[in-house]
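Protein chains in written order, with my numbering: chain F, 1 to 375; chain Y, 1 to 375; chain U, 1 to 375; chain D, 1 to 375.
Hints in this document: simulated from the structure, not taken from any laboratory. Misleading hints may appear alongside valid ones.
For chains that are exact copies, the list does not tell them apart, and a pair is met inside one copy or across any two.
For lysine-lysine, the following DSS-like pairs were computed, each having C-alpha atoms within a straight-line distance of at most 25 Å [as the list claims (entries may be wrong)]:
(1) K66 / K92
(2) K264 / K321
(3) K321 / K220
(4) K202 / K264
(5) K322 / K192
There are 4 protein chains.
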Amino acid sequence: MKLTSAGESHGKGLIGIIENVPSNLIIDIEMINKNLFLRQSGYGRGDRQKIEKDSINIISGVRNRKTLGSPIAFMIENKDYFNWENIMSPQKSDETLNTVTKVRPGHADLTGLIKYNHTDARNILERASARETAVRVAAGGIAKCFLNSLNIEVEGFVKEICGITDNNNYEFAELKNSKKSDLFVLNAEAEKVMKDKIDTLKNEGDTAGGIVEIRVKGLKSGFGSCMQYDKKLDSKLAAAILSVQAAKGVEFGLGFNYSKTSGKYAHDEIFYNNNAFSRSTNNAGGIEGGMSNGEDIIIKAVMKPIPTLMSGLKTIDYISKKQCTADTERSDVTAVPAFEIIVESVVCLTVAEIVLQRLGGDNMEEIIKRWIQLP
Amino acid sequence: MKLTSAGESHGKGLIGIIENVPSNLIIDIEMINKNLFLRQSGYGRGDRQKIEKDSINIISGVRNRKTLGSPIAFMIENKDYFNWENIMSPQKSDETLNTVTKVRPGHADLTGLIKYNHTDARNILERASARETAVRVAAGGIAKCFLNSLNIEVEGFVKEICGITDNNNYEFAELKNSKKSDLFVLNAEAEKVMKDKIDTLKNEGDTAGGIVEIRVKGLKSGFGSCMQYDKKLDSKLAAAILSVQAAKGVEFGLGFNYSKTSGKYAHDEIFYNNNAFSRSTNNAGGIEGGMSNGEDIIIKAVMKPIPTLMSGLKTIDYISKKQCTADTERSDVTAVPAFEIIVESVVCLTVAEIVLQRLGGDNMEEIIKRWIQLP
Amino acid sequence: MKLTSAGESHGKGLIGIIENVPSNLIIDIEMINKNLFLRQSGYGRGDRQKIEKDSINIISGVRNRKTLGSPIAFMIENKDYFNWENIMSPQKSDETLNTVTKVRPGHADLTGLIKYNHTDARNILERASARETAVRVAAGGIAKCFLNSLNIEVEGFVKEICGITDNNNYEFAELKNSKKSDLFVLNAEAEKVMKDKIDTLKNEGDTAGGIVEIRVKGLKSGFGSCMQYDKKLDSKLAAAILSVQAAKGVEFGLGFNYSKTSGKYAHDEIFYNNNAFSRSTNNAGGIEGGMSNGEDIIIKAVMKPIPTLMSGLKTIDYISKKQCTADTERSDVTAVPAFEIIVESVVCLTVAEIVLQRLGGDNMEEIIKRWIQLP
Amino acid sequence: MKLTSAGESHGKGLIGIIENVPSNLIIDIEMINKNLFLRQSGYGRGDRQKIEKDSINIISGVRNRKTLGSPIAFMIENKDYFNWENIMSPQKSDETLNTVTKVRPGHADLTGLIKYNHTDARNILERASARETAVRVAAGGIAKCFLNSLNIEVEGFVKEICGITDNNNYEFAELKNSKKSDLFVLNAEAEKVMKDKIDTLKNEGDTAGGIVEIRVKGLKSGFGSCMQYDKKLDSKLAAAILSVQAAKGVEFGLGFNYSKTSGKYAHDEIFYNNNAFSRSTNNAGGIEGGMSNGEDIIIKAVMKPIPTLMSGLKTIDYISKKQCTADTERSDVTAVPAFEIIVESVVCLTVAEIVLQRLGGDNMEEIIKRWIQLP
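So that you can see chain F by itself, here it is in the shape it has in the complex (with noise of 0.2 Å):
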């Protein structure tokens, strides 16, 4: 199940194609679009967000919300394409409108003007946006319906955001509720202090980043690898997590916390119970030796502020060279919980791939027998 993606932020559309799916695999359309719903939701976004209402157009692979076994092309549209086609379209469009030049600080800006030799850091954001990150979730989507195929679940939470924190301890059950909250946010009490602070953030123009916490229920023990270091489950959700635009650290399990808890408490031990091996802790995260030891497997990432700041960050103008504001395309204060949906799908995406190479198979059916005869 790997994903190629495409599309500007202004284009006529976002484009996604997913490979490798099997067959007969039922497509959850609204599920699909509820995610895209909710990446484009949240307490702290700006009005962009308003007027586009993301849904999935499937091009391909599908019919009569069946597979067919064939790669998946989907289409988001961009609602607002007809007001940007004469400045962006394929075809002919007047590269002197809307040019960006201030280049904005912690964006792709400045780098990639000199990277890709252009002289319009619209040519540079367009791709660059998270806007990109529609087609993740809506892969995501479809990898959920895979894997919920195989009753593997995966949820997350919104656990801090500008430094306030939810330290409350979950059962996976309860993760479901976190979609209840605008925040994704399961602790009432952390929420509203969460929502002054971003409150407060809005009127000094200022922005906020955050962690979030990602549980995959179900998946059997062995995904991954302890043979080949590029085979590692750590090591794949690792890079699918760092490729979602501002997170900037994820860890497992304890995470950075093992560095602070010495071998007698840090690691799981085992038992074995009604002929079944268990653990009663679960530090590892659900991962040892580069695979999945059965248990739930539990991530943690951060998200950086969104760095485009209404209060406006010092920068160079590109052509001029000449101090400024940088430009603005946006007005969120906060998009951690948008954050937590994106991460969710990528470990969706990530999962459904280790788990289809390590079954191989063609057809659904083929592939839950096999799924059933794993120890």
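Here the structure of chain F is known, so what remains is to put chains Y, U and D in place on it, guided by the hints.
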């Protein structure tokens, strides 16, 4: 510069093949052997390390210390193989000797046994062992020869062990001193406290993890991609680092602290001095939009405590299903310094690969010319 | 320049995404559409081709006909989708309409049904159809824009149809005339005999295959590899050509005639004139040791006869298991001219990819500079 | 089952690493060594072959002749390295000894020198040499062990040498006899004429190429893909075969004769007998729509004559730029039997890789179970 790795811990030796190395690169064999030695050393290591002093035996791809342009194969012999031949020989060996069935928590043992349908965890641990990282250190040394030819430098140090942190800030030039300490720590005071802690843990049969910091200096801007999610610099680095045995997290620049810092204080503003763009801070750790921005790359990675404890963790015997104490294969208290060298090595490999992809080229003369021509 | 392809024959359309295209490449949309038209034309084609005139609809990666450096997504719409929507819609369609169960010999039908666990061969043939090659022609056109920027030219012609051969030798410059013939044949006499043959076959409800020759001019020496077996130029070209529907063989230079020619007459001796190495023959077809040697690349490929015959082949109904005559989906006698354009296109894509790997670079200005600097 | 290959012709040895080999596969070392011997033998070979008798030295991934599931590294030592150490040593060698500057037509010499910026063609030919194929034969042997476990058989024979053809048709079972001939030819009459021809060529200082045929029996239907162009069985096989030194063409089933056969006689009609689909012809060579169809896979490949002629080809001295006679490194008249074994080996590797991708699985018990469950 793609590394393929093979070899068991007590087999004949470890083998690596590096592909895509340009011709006419001078290989500094002494530096590589020094790094192999550093991987074996460090305060808190047990005795096995002292027996075997690793060295690289280049088999192909190099003639008179200069690369040919062909794949470089090398071997790191296991010096005590003669003691293990009757147990491990590919040709003929006795599989009933030295079996491991008291599966060790924190290791690949239990999961591996099920996945590969073995009954002796030796068949798992021999490959899953951290000994495999010697291949990465040797290959990383070759990558370092390449990077140094372009004046790209990679250095690192140990920042934290078992909760004791060196909070100082260091210039890049200072990092080279870290190897003078047998904990690779720059702060003598912190080092002393760490050693005391290690001694205490040793007495208790306990172990420690820690945090290392790696920096890359001299990498020009534009390496990685803002256009394709799977070519981002941070994604590639994260994958490499999480492929190291015992790594449980990675962060870039401010990393998880981005969650506590509002946008105003999080981003690196852009200036223009002496005909060049510059920044006065480097919170981004040198990566914006999935690309190097010309500042130092700053990476932190965390290692979990060694999961083999002399005091013994509770586990199950895989055959009898009886509760027992885990088998022990070695007796280190901590291997964080080794982890530092390994992470440094995989960073070298990853950066070298990305540099080569952007520069193309088949021989060093051509590559150096293109490097100089890069903006 | 990696192409990902998607789309069913009677779905909404075909989709392609090309990654790794440098920025600032001018896209010649008219040339691409002309190639799409050529793929649909040719003496001996049936009627369906006449209804739909394919054209490329670029969705991303291009602004005002110049590449951005981001992935290029494009769509080739199926103009008669409105007739098929109730049968093929991803969202809601009636799977009992237009089913295909009389599986066609020479097609993917029977094998695909078993592999993907379908009961209607439409679910197979919609993707396995040669219509998919339109994506390759469009992508090949983009690759051709790139190659032409470096003065690399790719041309081809039809050499044989159903046993009638054009045995003339042609200069590269002459090849451009092949598209003036509606069989892409350069020899008017041979063309006439071929057309008579096609007419006869049509009357008999029979079909024909043929041989095409493709040449690449202007590729400098050293593309490919003599150091790694999986990077050889001929290996990559063979993989590309055998990935074309109905291709059953490929050869380079003398090809299978090498078996009849002794070494003295087989190899291209080397001379030195005007400060340059030269050869007076090109039996090797421009490839020695897995690399281009600077001479024209010469490739021949064979296409099998179209397996759908109006006269009907014997087969089995997949459901009833009764003997019957195969279903027919189209009525062409031969598609060798289309095959010529398709093979030309995949050769363009392959050469462009190999050129980009060796040159590296992100924008056309940089790439052209490096190309000129190559020896 | 991915092979990475390294090693120079007169270096310490050749190294291969095979990844993705399942655990618990029995390795038949004697069979592998026999194949290595067959690669070195054959009527028409020179004397060097007699000195060195290759054998596989497995270094990792195997214990007591059974795979562990880890990468298999192996070495084929160059038995005369001690004669070459002062010339070829990676550590310290004299690069002025045994230089090659009279670049040999038909080899990588000239192109390689320019590409890798060397002045001694030894630096090219040591790796470009056909000796590298020993690695593929050894790896192919391991792949064959795997295929045989699933009752998939791969056999082949020499069909033509220097224009003398064996036109007989053979049952699959007969092919096993080919290795009784020292030309791997099944037809004793043809063999005799070929040997006379070889003797004549030897007297004239000339060389010969030829055609080999390889077949795969027992591969079930559905391997490869009709959905993704880069996963087609014929594409993968063509890439593997054209990666063999001196290969210049490949065809499947009727191959280039498809161009001379009309559709009525070209395609394999489908029948149903004894509750199974069947075909009475196999013109397709077992591949339709990019997938195996259950019939024997039939492949032909052509080898060019050995380009090193004792009678000498005209060339240029790379340093002096003077006309001269090409350097000679060996003195074979033909190596078509070796080519047969090599092509057989790369076919084994390719089929094993494709089988593993479809079956998934980590250990042989699991894989065999899934194989049996396949329709």
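Quick rundown of the hints versus the structure:
1. K66 / K92: Result: close only across copies, 10 Å inter versus 38 Å intra.
2. K264 / K321: between (57 Å within a copy, 22 Å between copies)
3. K321 / K220: between (56 Å within a copy, 20 Å between copies)
4. K202 / K264: Between. Shortest inter-copy distance 12 Å satisfies the 25 Å Cα cut-off; intra-copy 45 Å does not.
5. K322 / K192: neither (42 Å within a copy, 50 Å between copies)
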